[in-house]
Amino acid sequence: MLSSISSTTAAIQFTPALGMFLAFVALTLVITYFSARKATGSASYFAAGRSIKGWQNGLAVAGDYMSAASFLGISGMIAFKGYDGFMYSVGFLVAYLTVLLLVAEPLRNAGKYTMADLLAYRMSPRPVRAMASLSTLMVSIIYMIAQMVGAGGIIKELIHVEFAPAVIGVGALMLVYVVFGGMLATTWVQIIKALLLMGGAFALSWMVLSKHGYSMSTFFDSVSHATYAGTAPAKNLLDPGLKYGAAVNPWGPLDFISLALGLVLGTAGLPHILVRFYTVPDAKTARVSVAWAIGVIGVFYILTTFFGFGAATVLQKAAILTADGKENTNMVAPILAKALGGELFFAFISAVAFATILAVVAGLTMSASTSFAHDFYTNVIKHGAEAKPGQEVRVARITAFFVGAIAIAIAIFMGPTANAAFLVGLAFAVAASANLPVILFSVFWKRFNTAGAVAGLGTGLASAVILILLSPNGIFGKTGAIFPLENPGIVSIPLGFLGAWLGTILSKPDPNSEAKFAELNFRAQTGLGSEKAGSGH
Amino acid sequence: MANPTQPDWQALAKLPAFHELLAAKRRFIVPATIFFLVYYMALPVLIGYFPDLMKKPLVGKVNGAYLFAFSQFLMTFVMAAFYMRTARKWDAMEHALLSSIESKNA
Numbered sequence: 001m002l003s004s005i006s007s008t009t010a011a012i013q014f015t016p017a018l019g020m021f022l023a024f025v026a027l028t029l030v031i032t033y034f035s036a037r038k039a040t041g042s043a044s045y046f047a048a049g050r051s052i053k054g055w056q057n058g059l060a061v062a063g064d065y066m067s068a069a070s071f072l073g074i075s076g077m078i079a080f081k082g083y084d085g086f087m088y089s090v091g092f093l094v095a096y097l098t099v100l101l102l103v104a105e106p107l108r109n110a111g112k113y114t115m116a117d118l119l120a121y122r123m124s125p126r127p128v129r130a131m132a133s134l135s136t137l138m139v140s141i142i143y144m145i146a147q148m149v150g151a152g153g154i155i156k157e158l159i160h161v162e163f164a165p166a167v168i169g170v171g172a173l174m175l176v177y178v179v180f181g182g183m184l185a186t187t188w189v190q191i192i193k194a195l196l197l198m199g200g201a202f203a204l205s206w207m208v209l210s211k212h213g214y215s216m217s218t219f220f221d222s223v224s225h226a227t228y229a230g231t232a233p234a235k236n237l238l239d240p241g242l243k244y245g246a247a248v249n250p251w252g253p254l255d256f257i258s259l260a261l262g263l264v265l266g267t268a269g270l271p272h273i274l275v276r277f278y279t280v281p282d283a284k285t286a287r288v289s290v291a292w293a294i295g296v297i298g299v300f301y302i303l304t305t306f307f308g309f310g311a312a313t314v315l316q317k318a319a320i321l322t323a324d325g326k327e328n329t330n331m332v333a334p335i336l337a338k339a340l341g342g343e344l345f346f347a348f349i350s351a352v353a354f355a356t357i358l359a360v361v362a363g364l365t366m367s368a369s370t371s372f373a374h375d376f377y378t379n380v381i382k383h384g385a386e387a388k389p390g391q392e393v394r395v396a397r398i399t400a401f402f403v404g405a406i407a408i409a410i411a412i413f414m415g416p417t418a419n420a421a422f423l424v425g426l427a428f429a430v431a432a433s434a435n436l437p438v439i440l441f442s443v444f445w446k447r448f449n450t451a452g453a454v455a456g457l458g459t460g461l462a463s464a465v466i467l468i469l470l471s472p473n474g475i476f477g478k479t480g481a482i483f484p485l486e487n488p489g490i491v492s493i494p495l496g497f498l499g500a501w502l503g504t505i506l507s508k509p510d511p512n513s514e515a516k517f518a519e520l521n522f523r524a525q526t527g528l529g530s531e532k533a534g535s536g537h
Numbered sequence: 001m002a003n004p005t006q007p008d009w010q011a012l013a014k015l016p017a018f019h020e021l022l023a024a025k026r027r028f029i030v031p032a033t034i035f036f037l038v039y040y041m042a043l044p045v046l047i048g049y050f051p052d053l054m055k056k057p058l059v060g061k062v063n064g065a066y067l068f069a070f071s072q073f074l075m076t077f078v079m080a081a082f083y084m085r086t087a088r089k090w091d092a093m094e095h096a097l098l099s100s101i102e103s104k105n106a
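Sequences listed follow chains G and D, in order.
Counting from 1, one number per residue, gives the positions in the first sequence under my numbering.
Counting from 1, one number per residue, gives the positions in the second sequence under my numbering.
Note that these hints are calculated values from the structure, not bench results.
Cβ coordinates follow ideal geometry from the N, Cα and C atoms, glycine included.
Check each hint, because a few of them may be wrong.
Not everything, but these chain G residues come out facing chain D in the computed CB check (under 7 Å) [stated by the list, open to error]:
#  : residue
1  : 93
2  : 224
3  : 235
4  : 238
5  : 239
6  : 240
7  : 241
8  : 256
9  : 257
10 : 298
11 : 494
12 : 497
DEER-style ranges, computed between Cβ atoms [as the list claims (entries may be wrong)]:
#  : chain 1 : residue 1 : chain 2 : residue 2 : range
13 : G       : 213       : D       : 98        : 17 to 25 Å
14 : G       : 211       : D       : 42        : 28 to 36 Å
15 : D       : 88        : G       : 391       : 24 to 32 Å
16 : G       : 505       : D       : 35        : 58 to 66 Å
17 : G       : 23        : D       : 103       : 52 to 60 Å
18 : G       : 250       : D       : 42        : 33 to 41 Å
19 : D       : 33        : G       : 508       : 26 to 34 Å
20 : G       : 23        : D       : 86        : 41 to 49 Å
21 : G       : 391       : D       : 85        : 40 to 48 Å
22 : G       : 250       : D       : 88        : 47 to 55 Å
Taking lysine-lysine and the DSS-like style, the derived pairs with C-alpha atoms no more than 27 Å apart in a straight line are [claimed, not checked]:
#  : chain 1 : residue 1 : chain 2 : residue 2
23 : D       : 55        : G       : 516
24 : G       : 53        : D       : 25
25 : G       : 112       : D       : 14
26 : G       : 516       : D       : 104
27 : G       : 284       : D       : 104
28 : D       : 104       : G       : 235
29 : G       : 211       : D       : 55
Please work from the sequences and hints to get the whole structure.
The following block contains the structure:
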């Protein structure tokens with residue numbers, strides 16, 4: 001490994017892309033330095049001192065959310081599979097209604113640092129926190145692998161290093177933000193990245209439209225008989241069903257519904273999105289930040305129309321294949337940028353994609369290590385008391401290393417051709433199956449108890465992961481697949497709810513949990529007694 | 001925190017003003033959630049099982065599938081705007097509730 005790094009380092013040339021990339025890294029490191037000087041204590045490290053404003057958190061939520069999957073994965077999916085890829089854009093956005101209407105405000109009112117704070121409120125904290133921590137780690141790591149795979153591809157193009165050292169480099173950099181800067185540094189990296197990404201998305205869409213005489217009808221006309229500039233038989237990419245159609249695969253339509261279900265219910269169970277609501281001072285600000293995020297994210301996903309379909313009308317097919325002839329699904333957007341705007345614009349879009357990945361991976365690492373330190377270490381192993389002041393933060397920093405290392409190792413194993421949007425879709429399915437049922441029951445169901453929470457988290461997590469392993473993308477491959485759908489949501493999400501429900505009604509009513517429901521309900525709905533800015537260490 | 005001792009949550013949860021707040025939230029959130037989930041899931045169901053219907057070009061080459069997908073974006077924006085407006089009324093109810101509790105304690 002070392003020799004391959006040093007031999008590739010020799011080949012790095014100073015390109016505009018490398019320059020912009022270094023400028024971004026330098027800027028974010030400066031932010032991390034100042035954040036580190038401000039950050040003292042747990043509330044400050046894990047929740048940015050609850051000092052983030054609504055619009056800032058909105059941009060940070062957007063920045064945390066618009067991942068490699070959104071920018072790189074969706075454009076590739078649309079370019080190759082047409083309309084069916086656009087479902088990701090729709091689902092990723094509509095999901096925020098689930099967050100806004102059902103989750104954001106009660107969560108902010110009743111929690112402190114992690115999703116499990118809400119659950120542990122009414123339940124026996126140890127088993128619930130242990131399970132919640134396991135599920136948080138699982139979702140974060142699957143999500144991170146998707147980002148790492150995207151990152152490897154980008155860096156490879158950008159500075160011509162191999163996939164493995166590229167992934168390791170990204171991992172190391174993100175650890176710097178998380179370990180030294182905590183949530184405040186992570187938030188600012190996400191805000192800057194959201195602004196850069198929106199700028200890049202507008203510029204790229206504008207250039208695609210300029211290729212079609214700034215006419216929407218000309219653009220859609222050429223999408224409807226896209227041929228990758230004459231090198232393939234004409235296809236109407238606007239027609240649904242190129243990936244999930246019944247003609248392609250008899251299970252396709254059901255798989256498509258399963259994907260849609262996972263997307264719309266998954267966001268409200270994503271640990272790195274949930275922890276963002278603890279950085280704001282109160283529930284109203286949490287609500288405002290979701291509204292901001294919906295605005296920014298919505299506009300961005302509408303623009304995926306232009307760079308996704310645009311790639312199909314502007315690029316030669318050869319340009320979007322890898323050297324060995326595979327579909328280069330994660331590199332469509334940067335390649336399109338190069339074709340339209342030349343080397344400098346390619347450099348800009350690549351640097352934006354890189355910033356995107358770094359911000360999302362930092363957010364994921366932050367939520368995974370927060371959950372491990374706060375839920376598992378402090379509340380399960382140490383029975384709810386910090387061994388020494390600052391111990392929790394130290395454990396979180398150490399966890400960040402391990403989580404990063406695991407994600408890096410799996411990403412390298414999977415290689416650069418796994419599609420980022422697809423992998424993220426799986427993380428959504430796990431989050432929707434394991435986390436969402438217990439969050440909703442905990443806030444809205446008086447009878448819900450510890451056995452139900454543990455059973456819900458357990459069945460949701462196990463069924464989603466097992467179904468992924470048995471799917472056509474799993475261990476038995478396309479031909480030996482036992483479960484015919486690529487997306488497990490349609491089975492695993494009802495199983496998660498069922499597990500939580502059965503676990504509750506089959507176990508004895510828990511008077512403590514029902515008495516505490518009055519407290520949780522009152523606090524969740526009114527915000528009385530929730531932790532405000534600056535308090536609590 | 002304004003109140004150092006633990007409030008009597010059971011008593012608070014029985015306050016009529018709290019129940020009014022819960023009912024007001026429920027009146028908006030339940031129908032809104034059912035509506036957006038049904039509207040959203042109609043998209044994959046229609047595309048999966050009625051592809052020919054959805055492939056029909058409606059505006060130039062733009063077909064029903066794309067227009068329906070695009071309408072999901074507008075639906076989300078409108079729904080979020082409605083929620084933000086309605087939630088402001090809840091804030092007022094919540095504020096009245098919390099200040100009545102505080103004045104009783106004082």
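Here is how each hint holds up against the structure:
1. 93: holds, 6 Å
2. 224: holds, 4 Å
3. 235: Since chain D brings no Cβ nearer than about 13 Å to residue 235/G, farther than 7 Å, the hint is violated.
4. 238: This hint holds: residue 238/G lies near chain D, its Cβ roughly 6 Å from the closest one there, short of 7 Å.
5. 239: Given a least distance of 5 Å, the restraint on residue 239/G holds.
6. 240: Since the shortest Cβ distance to chain D is 4 Å, the answer is holds.
7. 241: holds, 5 Å
8. 256: holds, 5 Å
9. 257: holds, 5 Å
10. 298: holds, 5 Å
11. 494: With Cβ-Cβ at 14 Å, over 7 Å, it is violated.
12. 497: With a closest approach of 14 Å, the residue 497/G hint is violated.
13. 213/G to 98/D: 17 to 25 Å: Since the Cβ atoms of residue 213/G and residue 98/D sit about 59 Å apart, the hinted range of 17 to 25 Å is violated.
14. 211/G to 42/D: 28 to 36 Å: holds, 34 Å
15. 88/D to 391/G: 24 to 32 Å: violated, 42 Å
16. 505/G to 35/D: 58 to 66 Å: violated, 29 Å
17. 23/G to 103/D: 52 to 60 Å: 56 Å Cβ-Cβ, so the 52 to 60 Å window holds.
18. 250/G to 42/D: 33 to 41 Å: violated, 22 Å
19. 33/D to 508/G: 26 to 34 Å: holds, 31 Å
20. 23/G to 86/D: 41 to 49 Å: Given about 44 Å between the Cβ atoms, the range holds.
21. 391/G to 85/D: 40 to 48 Å: holds, 45 Å
22. 250/G to 88/D: 47 to 55 Å: Taking Cβ atoms as reference, residue 250/G and residue 88/D lie about 49 Å apart, which means the hint holds.
23. 55/D to 516/G: Violated, because 53 Å separates the two Cα atoms, which is more than 27 Å.
24. 53/G to 25/D: It holds: about 25 Å lies between the C-alpha atoms, which stays within 27 Å.
25. 112/G to 14/D: Satisfied, since the Cα-Cα distance of roughly 25 Å is no more than 27 Å.
26. 516/G to 104/D: Distance of about 23 Å is within 27 Å: holds.
27. 284/G to 104/D: holds, 25 Å
28. 104/D to 235/G: Status violated; Cα separation ~71 Å.
29. 211/G to 55/D: holds, 25 Å
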